[in-house]
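Asker: Sequence:
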Amino acid sequence: LCDQSTRKLRDWTVEQVESGKFQGLVWDDPPAKTMFRIPWKHAGKQEFRQEEDAGFFKAWAIYKGKYIPGECNPATWKTRVRCALSKSPEFEEVPSRSRLDVSEPYKVYRLVPFLEQVTGKEIWPPWIFVTFCLASTFQVGQSGRKAAGRKI
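Residue numbers (the UniProt record's numbering): 1 to 152.
One or more hints might be untrue.
[Unchecked claim] Here are the computed lysine to aspartate or glutamate pairs in the EDC-like style, where the Cα-Cα straight-line distance is at most 20 Å:
no., residue 1, residue 2
1, Lys107, Glu92
2, Lys87, Glu47
3, Lys121, Asp101
4, Lys33, Glu71
5, Lys45, Asp11
6, Lys45, Glu116
7, Lys107, Glu51
8, Lys41, Glu93
9, Lys41, Asp101
10, Lys33, Glu51
11, Lys58, Asp11
12, Lys41, Glu116
13, Lys41, Asp28
14, Lys64, Asp11
15, Lys58, Glu47
16, Lys87, Asp11
17, Lys58, Glu116
18, Lys121, Glu71
19, Lys66, Glu122
20, Lys66, Glu51
21, Lys33, Asp101
22, Lys107, Glu47
23, Lys21, Glu116
24, Lys58, Glu71
25, Lys87, Glu71
26, Lys8, Glu116
27, Lys45, Glu104
28, Lys64, Glu51
Read the hints as simulated data drawn from the structure, not as lab findings.
These numbers come from a predicted model, not from an experiment.
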């Protein structure tokens, strides 16, 4: 379901949040660590500070080999991160927790659990899915028979 490039994005992003290297890139729900904030300041604003406000986006461009030394393009870097997060099934933007109209604006993204990616819906508590899978396996057994009229 998740190709290697999106898996890299998830691992890389979590690593950056955990590192504390980028001001404002923090967990939005500690200690659960399922949602994180990304600073989202507009590059055209007078108070925009490239190293602080676009550092995370620049780091992603460097990581992906898209950074061109000497070229300053924070809007493009931000667009690449936004598109990568939107494309990946492992992330979901949480607009209700984002704050774009404050002096230090940010967006909140949620790390989508693997089971939710597979089923397409939130599973809570997670043991329900495991119980269902175990029950299905038990019904089929090693004979490979159909259970309830469908192959499991």
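Asker: Tell me the hint numbers this structure goes against, listed in increasing order.
Answerer: Those not satisfied are hints 2, 3, 4, 5, 6, 10, 12, 17, 18, 19, 21, 23, 25.
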